Amino acid sequence: MSTVDVVPLVDEGLGNSAYLVDLGDGRGLVVDVSLDLRGAWQAARRRGLELAFAADTHLHADFLSGARQLAATEGTRVLASAAGHREFRHSGLRDGDEVDLGGLRLRALATPGHTHEHLAFLLLDGDRPAGVFTGGSLLVGAAARTDLISPQQTEALARQQYTSLQRLAGLPDEVAVWPTHGAGSFCSAPPGARRTSTIGAEKAGNPLLRARDADAFATALLDSLGSFPPYFLRLAEANRRGPAVLNSYPELSALDSARVQSLIAEGAQIIDARPVERFAAAHIPGALSIPLRPVFASWLGWLAPPEPPLVIVREDAQDPAEIAWQAAKIGCSSIVGELAGGMDAWTAAGRTTMSTQLVRADEITDQHVLDVRQASEFAAGHLPGATHVELGALADQADALAASPTVVMCGHGERAIGGASLLERAGHRDLAVLQGGPEDWAEITGRSLEV
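Mapped onto the numbering used here, the consecutive letters of the sequence shown carry residue numbers 97 to 547.
Simulated from the structure, these hints should not be mistaken for laboratory data.
Note that the structure is predicted; figures quoted are calculated from it, not measured.
Virtual Cβ for every residue (Gly too), placed ideally from N, Cα, C.
Be a bit skeptical, because a hint or two may be false.
Claimed, not checked - Label pairs and their calculated CB-CB ranges:
1) A499 with R389: 25 to 33 Å
2) R190 with R337: 19 to 27 Å
3) R141 with A445: 41 to 49 Å
4) P402 with G122: 39 to 47 Å
5) L318 with S500: 31 to 39 Å
6) P401 with G188: 33 to 41 Å
7) D196 with R389: 26 to 34 Å
8) E539 with T443: 32 to 40 Å
Sequences are here, hints too, so could you generate the full structure?
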C-alpha cells in the first residue's frame, strides 16, 4: 500500500469518498469533493494545508462538485477532463497528461464507462505509482453503473467500462485503489466496510475483473443495477456548467406558523426532518417525512417535488446547518426556510395536525403489508404476501394501490414513515408503520421470510 499521506473524506450518506492528499509542502490536493466542503476544510486546517489543487474524475451525477467553489474562494487550480467541456476555468486534461504537484505527479488515464469523459488519476511518487483515484471506474468489488447518460448508450458504456477496468488492472498489484463510489452509493457499489483497496486485491476478489470478456462483463454489470434518484439526470449538466458559487454558508430562514400556512396554501411542500416517532405523533397534514440522517440528501432529492417551495420542520436538537448543507450538495435550492418553533409553535397556534400509527411485528393482523425497500432488499427476504413498491416509485403508484388498511415497512422505519406520508398525501387512510424490519418480524413471530 502507498506511504503517501492520503486522507479519505467519507460521505456516509451518499456512499462516497473524497480524498485529501498532503503534498508535503504545505499544499494539498483534493479529489472529487462535493459542495459540502466542511470535511475537506476541517482536514486541511488540521494539517495546515492550502488547498492548491482540486481534481474531478468525472461529471458527477450524485452531488454538486466543490471544485469551482474552491477555485473561486481559495484560488484552487481545478483539474478535470478536457472532454467534459466544463464552462468554468479549469485545466483540461487528456489521456497521459501529467500535472506536477511539487514532488508528486498526477497522470490522467482515460477510463470511460461510468461517463464518457471519465478520467482516473494515477498518483506518482517519482517514477513509482503510489495509487490511483479511480472515481467511478474500478470500485472495491465492483464497477460503477453505466446507465446515467441514456438508455441507448448504457450497453456501449458498459463495454467501455470493461476496457477501462482491464487497463487499470494492468497497474502493479501494490498500487492503492482509491475509488469515489463506495458502499451505499446509488452509483453502484456492493455493501461492505472497505472503501479502498489495491490492484492486486481487486484482481483476486473483484468478480467483474474476472469476467471472461466484454459480453460477460456487460451482462453482469447491467444485471446488478438498481434504481437511482431522478436528480442524477440533472446534476452532471449542472457540474459541467459549473455550480453557482456560494457567497455565504447555506442556512434556514425562520418562518412563523402563519407564513408557513400561507405558503402551504400557495402550494409549498413541508419536509419534516424529525425522527419517526415524533412525526408519527403529530405532523402537518400533507407533510413529507424524510428523517434527518446521513442519507437525508439522497431521499430529499428523490422524493421532494422539484418545483414548489420547500419548508423544513425539525426538532430543536437537529442541526439546521446539516439540513441546509445536505440540500445544497445535491443542488436543492427550493428550501425557503423552516417553521420557527417547530411543531410546538404550530400546535400552539391551534393549527391542524395528523398522526400516523406505529405498530410492532406482533400487532400486524389482517392488514395489507407494503414493503418500500429497494428491489434487491425485497428479493433477499420479505414478509409473506407483502406487496413491493420501492419508496422512490411510490408517489407515482400511490393512486393505483388499494385503499385498504395497510402497514408500510422498510428495514428500520425511516423509509416506511416516508412512504406512509406519501400515501397520506395521496388520500390514503388506515395507515400504520412497522417499527423495525423483516428480520425483527421473523424473530418476534417465529415465522420465515419469503424469498
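Evaluation of the provided hints:
1. Our hint of 25 to 33 Å for A499 and R389 holds, since their Cβ atoms are close to 30 Å apart.
2. At roughly 21 Å, the beta carbons of R190 and R337 sit within the given window of 19 to 27 Å.
3. For the pair R141 and A445, the supplied restraint of 41 to 49 Å holds, since their beta-carbon distance comes to about 43 Å.
4. A C-beta distance of roughly 43 Å is found between P402 and G122, which places it inside the suggested range of 39 to 47 Å.
5. Between L318 and S500 the Cβ separation comes to about 37 Å, which falls inside the hinted range of 31 to 39 Å.
6. In this structure the hint that P401 and G188 lie 33 to 41 Å apart at CB holds, the actual value being about 36 Å.
7. For D196 paired with R389, a C-beta distance near 42 Å fails the hint of 26 to 34 Å.
8. The given range of 32 to 40 Å is respected by E539 and T443, whose C-beta atoms sit roughly 37 Å from each other.
When each numbered hint is compared with the structure, a violation occurs for hint 7 only.
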